[in-house]
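J.: Chain by chain, the residues:
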Amino acid sequence: MSRFHFPPSIHSRPVYGTLAPRAGAAQIMLADAEGAEAILSVAQADPELMRRAHVIYIPKGTGDRFTDPLRAAAPDILHIAPSYGACTQRLHRVFSAAPMGAQIYLAGTEGLIGQAMALALQIGIPKSAIQTEHRGSVARRVQCVHCKGITEDVMTDPFQCGHCGLNLFVRDHYSRRLAAFQGVCIDAEDPGNVPAPVELYS
Amino acid sequence: MTIQFNDETFRDDYTFRNSEWAIKRFPFPFHEDSYMYSVNMERHRGGPDGSVYAKRFDVDEHYIAEMRDRALVLADDPLRCQSLPHMTLAGWDLLELIMVSKSEDYPDLFELHRDGTTWRWVNKPLGIDDTFTFMDEASLPYGPMEYITRQTQGDFAVLDQRENNLWMDAGMVTTQADWSLDFDIGMNFFEWHAPVPLAHEMGVFKRALKFLLNVQQDSPARRLNWTMTVNPLLDTSPENYHKWGIQKTTLTPENVGRKQHLRVELQTFYRLPRSNALVFPIRCYLIALEDLVTVPKWGRRLHRVIRDLPAELATYKGFIDNRPIILDYLSRFDDGLPTSPGIWPDIHSEPPLQT
Numbered sequence: 035m036s037r038f039h040f041p042p043s044i045h046s047r048p049v050y051g052t053l054a055p056r057a058g059a060a061q062i063m064l065a066d067a068e069g070a071e072a073i074l075s076v077a078q079a080d081p082e083l084m085r086r087a088h089v090i091y092i093p094k095g096t097g098d099r100f101t102d103p104l105r106a107a108a109p110d111i112l113h114i115a116p117s118y119g120a121c122t123q124r125l126h127r128v129f130s131a132a133p134m135g136a137q138i139y140l141a142g143t144e145g146l147i148g149q150a151m152a153l154a155l156q157i158g159i160p161k162s163a164i165q166t167e168h169r170g171s172v173a174r175r176v177q178c179v180h181c182k183g184i185t186e187d188v189m190t191d192p193f194q195c196g197h198c199g200l201n202l203f204v205r206d207h208y209s210r211r212l213a214a215f216q217g218v219c220i221d222a223e224d225p226g227n228v229p230a231p232v233e234l235y236s
Numbered sequence: 019m020t021i022q023f024n025d026e027t028f029r030d031d032y033t034f035r036n037s038e039w040a041i042k043r044f045p046f047p048f049h050e051d052s053y054m055y056s057v058n059m060e061r062h063r064g065g066p067d068g069s070v071y072a073k074r075f076d077v078d079e080h081y082i083a084e085m086r087d088r089a090l091v092l093a094d095d096p097l098r099c100q101s102l103p104h105m106t107l108a109g110w111d112l113l114e115l116i117m118v119s120k121s122e123d124y125p126d127l128f129e130l131h132r133d134g135t136t137w138r139w140v141n142k143p144l145g146i147d148d149t150f151t152f153m154d155e156a157s158l159p160y161g162p163m164e165y166i167t168r169q170t171q172g173d174f175a176v177l178d179q180r181e182n183n184l185w186m187d188a189g190m191v192t193t194q195a196d197w198s199l200d201f202d203i204g205m206n207f208f209e210w211h212a213p214v215p216l217a218h219e220m221g222v223f224k225r226a227l228k229f230l231l232n233v234q235q236d237s238p239a240r241r242l243n244w245t246m247t248v249n250p251l252l253d254t255s256p257e258n259y260h261k262w263g264i265q266k267t268t269l270t271p272e273n274v275g276r277k278q279h280l281r282v283e284l285q286t287f288y289r290l291p292r293s294n295a296l297v298f299p300i301r302c303y304l305i306a307l308e309d310l311v312t313v314p315k316w317g318r319r320l321h322r323v324i325r326d327l328p329a330e331l332a333t334y335k336g337f338i339d340n341r342p343i344i345l346d347y348l349s350r351f352d353d354g355l356p357t358s359p360g361i362w363p364d365i366h367s368e369p370p371l372q373t
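Residue numbers (our numbering), protein chains in the order written: chain H, 35 to 236; chain S, 19 to 373.
This is chain H alone, in the form it adopts within the complex (with noise of 0.2 Å):
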């Protein structure tokens, strides 16, 4: 099963619904590996609205598991892109085009929805118009304090720094704006004591 119950956390740490049709001029989905699995329940639901749907889907190792039946719903646009770097111009000029009441879908990986929803509230699409669910890894996007260096797909507490080399414990505090959670040097007052390295929410 490709959901998960985040336990209760802090204020600013985002929270996730569950895609539902809704009707609108436009209709934008995005999503990463398993979070295919939310836009096919969408799919399923209202097989019509596909007809006008544009499909952004990034596999992220899932092969064509998903390509396939995504495919097969028949939205009216399917790109398929390699990275969420690859298609982020193409997601601007999508987003920059929405008309008014345009419906945007984001699904998949913390990482993904946060970034696609900072750009698109960015470039002026209202918040109410944005469902998100997360599905699939539970790896986090995570700025360190220290570098400003950004670590995609972080799934250990601490981990190292992929910038500066700082060994960084994951802080649930998130920014909206960066679309990352926040690493803090774990051994500041003890350098060289860091503790072994233990999968997020394990």
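If you're looking for bench data, these hints aren't it; they were derived computationally from the structure.
Just so you know, even glycine gets a beta-carbon here, dropped at the ideal spot from N, CA and C.
Don't take every hint at face value.
[What the hints assert, rightly or not] Think about it this way: if two alpha-carbon atoms lie no more than 25 Å apart in a straight line, the pair counts; the simulated DMTMM-like pairs of lysine to aspartate or glutamate are:
hint, chain 1, residue 1, chain 2, residue 2
1, S, LYS335, H, GLU223
2, S, LYS261, H, ASP221
3, S, LYS335, H, ASP206
[To be verified] Taking CB as the label site, the calculated pair distances span:
hint, chain 1, residue 1, chain 2, residue 2, range
4, H, GLN123, S, ASN182, 49 to 55 Å
5, S, GLU155, H, SER117, 27 to 33 Å
6, S, ALA93, H, GLY226, 27 to 33 Å
With chain H held as given, fit chain S onto it using these hints.
T.: Coordinates of chain S only, in the frame set by chain H:
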């Protein structure tokens, strides 16, 4: 009175010192012998002569040195000062508020001469004499918020008000108690306070927000907050925590009185006229324990507060590991006598330490 400005540092050799004057006017934050969170907000309309409440933007002996330290922090990390694009008007509001207040409250130190939109600002302590066009960004060397807050002690959070919430959309933050403007910019009131333990459950932030949303022009508010800092380090930022965190481990029974500082924030809140933003100056005052205990009432009370503070708060404030050393030291200045209510030193009415 004329202020004698100190030549001192808040880093490396830490030559920061409080004079006798600065000690007696220190904003001691505990009005009773215990502490818990509360919405301890009151009107900010002056206070006893010479106290840190007396003027709208208090200037003290540390002014020049603090501005020098701020410039060093900004050179190292310009992200400590940021303003989202819609906040420029609030920046001008803030510049006006500070220039008008300081020139009225300290006419011997600051002058503001206005002729229509042509303004001349004279800052004698910092040797600045600039003429610029109000509301024309190109006429200043920095944006308006950065320009004026490079010349004003304390951090500044400039909060946009919309959707019944406050949004941290601009700020100058170089003397912070371990929070990051760069990370928190754009957050609402509940989000940027998210990491604070216990207070959410107590409803403190809901009540505080309700109060702040209703702060009116010309009725600023204030409160005190506090934490503990080893060495008189102004820049206790998360950005540099991997550099300064280790200093917390240098505390010993021999040096605790000199090294351990009580860090107090005088937080004030002003409604800004054009932007309807709320500016939230957070002014940091530091005092070494050995100076603080020269006021008998404060020595007695600080011991009791630190001793009885819930472990969660001592952890959040970052001194749980050092609490035993601090308490050993402070207990020598607590003879068990009762203390008078309120924050003031009451030097002449409170008994000296009984030994």
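J.: List in ascending order the numbers of the hints, as given earlier, that are violated by the structure.
T.: 4 and 5
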